[in-house]
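As they're listed, the protein sequences go chains G, H, S, B, Z, D, P and W. Residues in the first sequence are numbered consecutively from -10, following the working numbering. Residues in the second sequence are numbered consecutively from -10, following the working numbering. Residues in the third sequence are numbered consecutively from -10, following the working numbering. Residues in the fourth sequence are numbered consecutively from -10, following the working numbering. Residues in the fifth sequence are numbered consecutively from -10, following the working numbering. Residues in the sixth sequence are numbered consecutively from -10, following the working numbering. Residues in the seventh sequence are numbered consecutively from -10, following the working numbering. Residues in the eighth sequence are numbered consecutively from -10, following the working numbering.
Treat the hints as calculated values from the structure; they're not laboratory data. Bear in mind the structure is a predicted one, so any value in this text is a computation, not a measurement. Please note that a few of the clues may not be correct.
Stated by the list, open to error - What follows is a list of derived Cβ distance ranges for each label pair: (1) S/Asp138 with B/Ser153: 39 to 45 Å; (2) Z/Asp50 with P/Asp138: 42 to 48 Å; (3) W/Lys46 with B/Pro85: 50 to 56 Å; (4) W/Val84 with Z/Asp10: 36 to 42 Å; (5) P/Glu(-3) with B/Ser155: 37 to 43 Å; (6) S/Asp50 with G/Arg100: 48 to 54 Å; (7) P/His73 with B/Leu92: 18 to 24 Å; (8) B/Pro85 with P/His73: 33 to 39 Å; (9) P/Thr49 with B/Ser155: 25 to 31 Å; (10) S/Asp138 with B/Pro85: 43 to 49 Å; (11) W/Lys46 with G/Ser74: 41 to 47 Å; (12) B/Arg(-4) with S/Asp138: 47 to 53 Å.
Even glycine gets a Cβ: it sits at the ideal position worked out from N, Cα and C.
There are 8 protein chains.
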Amino acid sequence: MDEQQLRELLENVRAGDASIDRAVERLRHMPFEDLGYAKVDHHRALRQGFSEVIFGKGKTDEQVLGIAGKLLERSQNLLITRTHSGIAERLRADVPETEYFPLSGVVRVWRDRSPRGKGRIAVVCAGTSDIPVAEEAQLAAEVMGNEVDSIHDVGVAGIHRLISQSERLQAARVVVVCAGMEGALPSAVGGLVNVPVIAVPTSVGYGASFNGLAALLGMLNSCSSNVTVVNIDNGFGAGYVASLINRI
Amino acid sequence: MDEQQLRELLENVRAGDASIDRAVERLRHMPFEDLGYAKVDHHRALRQGFSEVIFGKGKTDEQVLGIAGKLLERSQNLLITRTHSGIAERLRADVPETEYFPLSGVVRVWRDRSPRGKGRIAVVCAGTSDIPVAEEAQLAAEVMGNEVDSIHDVGVAGIHRLISQSERLQAARVVVVCAGMEGALPSAVGGLVNVPVIAVPTSVGYGASFNGLAALLGMLNSCSSNVTVVNIDNGFGAGYVASLINRI
Amino acid sequence: MDEQQLRELLENVRAGDASIDRAVERLRHMPFEDLGYAKVDHHRALRQGFSEVIFGKGKTDEQVLGIAGKLLERSQNLLITRTHSGIAERLRADVPETEYFPLSGVVRVWRDRSPRGKGRIAVVCAGTSDIPVAEEAQLAAEVMGNEVDSIHDVGVAGIHRLISQSERLQAARVVVVCAGMEGALPSAVGGLVNVPVIAVPTSVGYGASFNGLAALLGMLNSCSSNVTVVNIDNGFGAGYVASLINRI
Amino acid sequence: MDEQQLRELLENVRAGDASIDRAVERLRHMPFEDLGYAKVDHHRALRQGFSEVIFGKGKTDEQVLGIAGKLLERSQNLLITRTHSGIAERLRADVPETEYFPLSGVVRVWRDRSPRGKGRIAVVCAGTSDIPVAEEAQLAAEVMGNEVDSIHDVGVAGIHRLISQSERLQAARVVVVCAGMEGALPSAVGGLVNVPVIAVPTSVGYGASFNGLAALLGMLNSCSSNVTVVNIDNGFGAGYVASLINRI
Amino acid sequence: MDEQQLRELLENVRAGDASIDRAVERLRHMPFEDLGYAKVDHHRALRQGFSEVIFGKGKTDEQVLGIAGKLLERSQNLLITRTHSGIAERLRADVPETEYFPLSGVVRVWRDRSPRGKGRIAVVCAGTSDIPVAEEAQLAAEVMGNEVDSIHDVGVAGIHRLISQSERLQAARVVVVCAGMEGALPSAVGGLVNVPVIAVPTSVGYGASFNGLAALLGMLNSCSSNVTVVNIDNGFGAGYVASLINRI
Amino acid sequence: MDEQQLRELLENVRAGDASIDRAVERLRHMPFEDLGYAKVDHHRALRQGFSEVIFGKGKTDEQVLGIAGKLLERSQNLLITRTHSGIAERLRADVPETEYFPLSGVVRVWRDRSPRGKGRIAVVCAGTSDIPVAEEAQLAAEVMGNEVDSIHDVGVAGIHRLISQSERLQAARVVVVCAGMEGALPSAVGGLVNVPVIAVPTSVGYGASFNGLAALLGMLNSCSSNVTVVNIDNGFGAGYVASLINRI
Amino acid sequence: MDEQQLRELLENVRAGDASIDRAVERLRHMPFEDLGYAKVDHHRALRQGFSEVIFGKGKTDEQVLGIAGKLLERSQNLLITRTHSGIAERLRADVPETEYFPLSGVVRVWRDRSPRGKGRIAVVCAGTSDIPVAEEAQLAAEVMGNEVDSIHDVGVAGIHRLISQSERLQAARVVVVCAGMEGALPSAVGGLVNVPVIAVPTSVGYGASFNGLAALLGMLNSCSSNVTVVNIDNGFGAGYVASLINRI
Amino acid sequence: MDEQQLRELLENVRAGDASIDRAVERLRHMPFEDLGYAKVDHHRALRQGFSEVIFGKGKTDEQVLGIAGKLLERSQNLLITRTHSGIAERLRADVPETEYFPLSGVVRVWRDRSPRGKGRIAVVCAGTSDIPVAEEAQLAAEVMGNEVDSIHDVGVAGIHRLISQSERLQAARVVVVCAGMEGALPSAVGGLVNVPVIAVPTSVGYGASFNGLAALLGMLNSCSSNVTVVNIDNGFGAGYVASLINRI
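Only chain G is shown next, with the shape it has when bound in the complex (with noise of 0.2 Å):
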């Protein structure tokens, strides 16, 4: 509720047009719907020009088919991370499109196909174990209305490899980098591009690498000042800031 609304309110109340207890009402309501487990905020869309997304993990699988089914009632489109086949199964007998990916376990409804990003939005990822974290971020980046350029296994260790990529990079118009272990590739591509490049540390590794800890500090130390990083394996925050970046 704007200012704008707010005043039509109060005229409507001066105005004898409301009553005071639906104006009390009207004030106090949040548009959210309750479900007694999860409050679905079917106004999310509004703010943030992309329904909610259903983080699978530490939820039941009621919990997940309830609410994705509230959230399909009034979205042509859904996301939901950190889940597996058996969702995917039940989902479709409702939703045919229902995808499934295995590799990174998520469930995707795919309907609404129109573009909303301004250009392309490059993935790009060290090595071939990274990829399930770069799929995700594909995958929503999608989902949000994006054209997708994906670049796999452009390690540090093989400088040539990441330069030979240098034009498809500089094409885009926001990079994400996953990468595990030492984490260095953001950096090599930040100093390629001018545009934000958002960095995934992967928990790809072992020993020192700290289940990704090793590659979220050095992202985080990053020398390419264009650089900002979300959580170790965190594909779906990567692909979702850039679509706002690709939307403004």
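Starting from the known structure of chain G, arrange chains H, S, B, Z, D, P and W on it as the hints suggest.
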């Protein structure tokens, strides 16, 4: 050197207009200048839209002034972060427009004030003690040609203070949020706006804040999907990325 | 044994009404019972107002049931946390009122439902995945004689959801707040109420949440002064302290 | 503004007694005052029963004195923590009742000494070196209207010292326990009383105390269920929460 | 080989009773036997008073049994820690005295039960869940010839339970204390006795116990000066050192 | 492409023997092959003297076998680390020389056994449990053409065992030392030899070994100046660097 | 007060030889004296064989001297650790035997030099920089009545230096080993002797020594079973426990 | 003493040419000299090819100069790291060739400049602030007889700068790479050369660099297999190992 320039160079070689020696030279030439202790990169302005910033910490005064002199030969503006007033005084002898900001320890030369950003950047901070970091973000964004709206002291413990600023927040094209202690402010701001939020953990706090680690971890785990994070106290980085986004 | 009782005992000794052996015995007697593997403390109910709770994790089924049997000889109520349905089934054979709560893994015998708290305890959680911890807090508070008001899914990314619950929050005499990820909710709740807030970090999250460490650090650094913290996932402890406060 | 006030305002609008502009203003008005660098919150006294405390660390002297001046316009009492004697001296020029406590670095103005707590608060510390933190807790509790019983140097290595204080401990309505090193004292105290225990880890120690981390972790893992924890060295927070509990 | 033996050898060389080759051989000979995967050290019994113990974790069954066979050729007793019942069964075929202790996963052959310690060793544990670690300590101490007094479930939250055991504690020549969670018990025990206390942090706990780290740090920071610490869950090490002390 | 090749290419352009398109192509061509999920780098053998090794962890079986097939088209030898016997079986169908080593989980094809190292590499390990990591180092060094001398079970607790191997150690041109727990062996070995020592911390241990962190930190702080360190359990890396040194 | 004394007291009560008031008094009396800021424990000498040591850090000079004065009323000897020469100078005015040791910052009054230990204590250190910690251990052991053999600069990088001291090591009844950096020395010493080894990690080192953490972890993971550990730089604690062992 | 010398000694004993006392003496003699506070190891030059270096930190000036004097009696060269100009001045009085390098705090006596390395050592650093560490590596390598090629300011954010140095890098026989912040440079260099790369994390950075921890972890997780790592800021160690490799 893009493909077009490469083609032209090769055509000149074929036509005999360029000697092979010169072509080899140009193909190996990198556009930076060598001071011995630092390679000054004049082309970064071309690549990233802003001439090199000097990170003052860990450099001697002579090194900082040497790099500054080289940069100012070709650039109207300059930013030196993590430095001290002595640098400003010595620089002002040559460059009277030199400003010094004691809270953040920034030296700035801001002669070319032509706007480059398409909208406004909001720089928000949680408490009075976070102002130095926010100032560094603001100075960086301004010198890169952006209008900045600074909003101070709106921490989540007084959530109404924050909500009272919703309109200013929603008017921004990108938001920088600086917070120490528990670092909760970016999540709350992220839920109020539909643009990218760049979170800067600050080292403000004591005890279990572990010099900003608590804020950093909090921001990386933000439940608002539009939040990305930079290093602790890295106001400059946040202002820089905000500028890139605002310029897209 | 307070000073008065000590005086009486000594007077009995002087008067010859108590033998020295008996006095020595009484002076050394501790009011707990020894099962070999665990000393069952029947007097804790006297000292702390609630009979001993069994922390199930790390104990064998036989140990849990042995302690439970001893406690139920003298107590109407019982709470077993971090246990499994098998315990509930075996206990139900003797105690038909035995309840089992699969989300939190709690077994409860709640026969004496007389109210002991003076007001209401609000138990708030940030997201659906935090419900198991909130449930443990709720069950503990209820079995100790408190009315509990549960408020779910009001994380700080949707700050209006939280504010819409202000009245319910302000009606509580003490508030328990469970949150994972960045753990920001206690700070926001703390600013809305003028009673103690007991924060429970949960292990909900991934990557840099480090199994609840991020939330824990966030809560310890809360900018709301009315927040205290218990261990990660320690719903029971929060419910227990809330009960003590509500009973004062 | 509660619902009752909202109704009255709306009735005034309907009755024409309040203009729409004024209503909009009031509905958006937040009861804080803006000093530029800090928003002074006069209504916290209403919400939380005590006017704003100033956390001195990280603020300039001018900022501290500016906020103090604003607060003292409407409040009898004031507490400035983590500050220095210079602040006390400058404040004393205007406010002769200003006290300064060098061990804890606290400045206090305590003019309204009317009791507000219903019982006594015990503030316990493990060793002589923990006294500064305990003092901060005591000063905060006193200025909020509580009687405080201070018990020093009763660490668990001399368990009889602690037990000899059982009666004083049991006479308190809430207990604050400050301890560094292994931080074991709250567990032992927690077993002796049946009221809430607020544990304050202190940074006292060396080596593997890691500036209070060992004590903090110990307290979070307390086997006494009536223990909650605040940040390392946060004597103020403990005194504040103890006051809230004592006032219920 | 001590100096005396060296002199004798050299005298034999001078006297021609020992060939130079044999002397070289003896001077380089080390008293261990090589199984390829492990060098079995038969002389440790001479050097440290107890034949080699086998740490089972990380070794294949064949490796464990191979080393055990070699050791039993020359030793009456044997201890295998961190192993499983299958090893016990296979060993029992040859050595009928083989015992297996499922709580701690220890296999023991205890044929030579002659006492070697001069006094009693007390093995104390804080809670029922700490018993497996305490058992490992007890089994090690017993097989090395010590009388052990086990005291269970005397955690600091019920300090009277502990004090009621003061006499048993004070009767010991050395005390082993096993505790998880906050690890406070060694400090309390340390204040009650005037002999060395060997503290064993256990991995009992959850959340911020970080698998025993909290207890470990607590014990390292003990305010009782007679406390030393071994690795988390290292019951064997504590029993071993206690045996060495008891034998002095 | 070195300067000479560049000159030739440019001369061909000038002479009209190479079209500009082809020159552009060659100048951008990188010598790797694209499988979609992985860029196979055939030129690494030229650059680093050994064809690409496959790190099996985090790759699907199909990905591993696909890369292996491509590599074996041009290389006699192959090493797959962190894999399982199923890969070996499938590969053996085509390549009968395929070996599988279950302790370390390595698959090796070793057809070209021509020696390339100039001396011997010693691979030392502290305990039986460290053998898997040492084996990985040995297999890598062998397949790269080195003679390896394996020395097992010479931990610092039996310092004479180690010293008895001094001659073998001093005969090596480079030494790899694998140790878990306290990781002290590289320091002791480093003092016995005058060649580079490559230290491999292993995850062998428990409790405060923190999965190899203790050993890693110990090795990084070695008081022997000839010690460098690789990642925890990175036997391959140590064998690889030892091979490079032995080849110089 | 043991059972015998309790019986006697009660018999006196029965016989009328002791008034009830006096009995109550004695039964509640704790043998410590209250200075306000510290409870001086005169009976620790009875309980633990040595009068209270003053840990100087974190206490004001007045506090240290006040406690020292009280202790010296009843004790011949005194040890103040982590203090400075000013304390020594002021104390020497009253107690001319006062010694000051600048390397370790210890003040010692050693008037009663009667031997109490049964054998010799060896205090070993790895490098010159570890001497201050070793000195603290030596001073503590001496003032408690032990003969100390100090062995310096025998780190594991020069293993022959250490072995050349085997006889001195083996002549000790208990060994204290101080080492920083990788902390490997206790393991090596532990393998050479058959008595308890008390390991003291020191904060000597830089970088990844993390102020002694590396040494601490190394020692906790020692492969020598006769090693126990005290806090980083806790020379006093090691000397104290060594004294207790030597006195048994 | 090798086997040959041992045989000769024994033969002398047999022949009566050596007394048993003398033989015992020789067999126990270790080739180091005892200054009380440090055992000076003159034979390290024999064992490791370079006389002892003095690590200045944590030693008094007298200790440093005492050791230096002893070493210079038998050695032409000397290196003192982590020291200050005062040491240089006092040493120069006796040894006029003494050099002092203020950036790295190194004192060097370099009189014997005969080359010992077979090739060139490249010492690379990422930024201007890393130069002090690189200088320490260079000075160590030079004094050990190596030609050093220093390459500064080639961080991965400007990847073309690095690639422009490929030839110099590929001309080296071993490469030392010093980098702070994210520590990505060794991976990139490792991919460009086919020789061993010794990575030195530096403490350059702030916030989440955690004094070099981020760089250290990054380097340990390098995706380039030819990278090994030394301690944070350990330029000396890197230069030392590079010298050993270059001498092989």
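Outcome of the hint check:
Checked against the hint of 39 to 45 Å, the pair S/Asp138 and B/Ser153 passes, with Cβ atoms roughly 42 Å apart. Against the hinted window of 42 to 48 Å, the Cβ-Cβ separation of Z/Asp50 and P/Asp138 comes to about 45 Å, which satisfies the hint. Between W/Lys46 and B/Pro85 the CB atoms are about 52 Å apart, so this pair conforms to the stated range of 50 to 56 Å. Hint check: W/Val84 to Z/Asp10, Cβ distance near 49 Å, so the stated range 36 to 42 Å is violated.
The hint said 37 to 43 Å for the Cβ distance between P/Glu(-3) and B/Ser155, and at roughly 25 Å that hint is violated. For S/Asp50 paired with G/Arg100, a C-beta distance near 51 Å keeps the hint of 48 to 54 Å intact. Distance hint check: the CB atoms of P/His73 and B/Leu92 are about 19 Å apart, consistent with the given range 18 to 24 Å. Between B/Pro85 and P/His73 the CB atoms are about 38 Å apart, so this pair conforms to the stated range of 33 to 39 Å.
A hinted range of 25 to 31 Å holds for the C-beta pair P/Thr49 and B/Ser155, which are about 30 Å apart. Between S/Asp138 and B/Pro85, the C-beta spacing of about 48 Å keeps the proposed range 43 to 49 Å intact. One distance hint, 41 to 47 Å for the beta-carbon pair W/Lys46 and G/Ser74, is violated here, with the actual separation near 59 Å. Separation of B/Arg(-4) from S/Asp138 is about 24 Å and departs from the stated range, judged on CB atoms against 47 to 53 Å.
Checked against the numbered hints given earlier, this structure breaks hints 4, 5, 11, 12; the rest are met.
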